[in-house]
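A.B. asks: Numbering (our numbering), first residue to last: -13 to 47.
If you're looking for bench data, these hints aren't it; they were derived computationally from the structure. By construction, the Cβ of each residue, glycine as well, lies at the ideal position given by its N, Cα and C atoms. Treat the hints loosely; a few may be bogus.
As the list claims (entries may be wrong) - Computed Cβ-Cβ distance ranges for the label pairs, DEER-style:
(1) Pro22 / Glu(-9): 22 to 30 angstroms
(2) Tyr4 / His38: 37 to 45 angstroms
(3) Ile44 / Tyr16: 35 to 43 angstroms
(4) Gly3 / Ala45: 22 to 30 angstroms
(5) Glu11 / Val37: 19 to 27 angstroms
(6) Val37 / Tyr(-7): 34 to 42 angstroms
(7) Glu39 / Asn(-11): 28 to 36 angstroms
(8) Gly47 / Arg5: 29 to 37 angstroms
(9) Phe33 / Asp(-3): 30 to 38 angstroms
(10) Glu(-2) / Gly28: 35 to 43 angstroms
(11) Phe(-6) / Gly28: 41 to 49 angstroms
(12) Gly3 / Asn42: 18 to 26 angstroms
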Amino acid sequence: MNNLEVYFADDEPGLQGYRLINCTEEHHPYAGAYWPAAHIIGYEHTFINLVHELMNGIAKG
């Protein structure tokens, strides 16, 4: 739950591959809603973030 694996196809050949990104750092868009960096987030937080995006989408049409 704390990490994302991303793959950027536009990376140079030979450097392409999955990168592991820690989502608990302050740069993550939802980090401000939880506790300090490096503290784990749980399964339930994915649903909180999903509902947040759903409600914002409904509000914005």
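A.B. asks: Are the hints correct? Go through all of them and say.
C.D. replies: Cross-check of the supplied hints:
{"no.": "1", "hint": "Pro22 / Glu(-9): 22 to 30 angstroms", "in the structure": "23 angstroms, holds"}
{"no.": "2", "hint": "Tyr4 / His38: 37 to 45 angstroms", "in the structure": "27 angstroms, violated"}
{"no.": "3", "hint": "Ile44 / Tyr16: 35 to 43 angstroms", "in the structure": "18 angstroms, violated"}
{"no.": "4", "hint": "Gly3 / Ala45: 22 to 30 angstroms", "in the structure": "38 angstroms, violated"}
{"no.": "5", "hint": "Glu11 / Val37: 19 to 27 angstroms", "in the structure": "23 angstroms, holds"}
{"no.": "6", "hint": "Val37 / Tyr(-7): 34 to 42 angstroms", "in the structure": "27 angstroms, violated"}
{"no.": "7", "hint": "Glu39 / Asn(-11): 28 to 36 angstroms", "in the structure": "20 angstroms, violated"}
{"no.": "8", "hint": "Gly47 / Arg5: 29 to 37 angstroms", "in the structure": "34 angstroms, holds"}
{"no.": "9", "hint": "Phe33 / Asp(-3): 30 to 38 angstroms", "in the structure": "32 angstroms, holds"}
{"no.": "10", "hint": "Glu(-2) / Gly28: 35 to 43 angstroms", "in the structure": "36 angstroms, holds"}
{"no.": "11", "hint": "Phe(-6) / Gly28: 41 to 49 angstroms", "in the structure": "28 angstroms, violated"}
{"no.": "12", "hint": "Gly3 / Asn42: 18 to 26 angstroms", "in the structure": "33 angstroms, violated"}
Figure legend: structure checked against the earlier numbered hints; hints not met, in rising order: 2, 3, 4, 6, 7, 11, 12.
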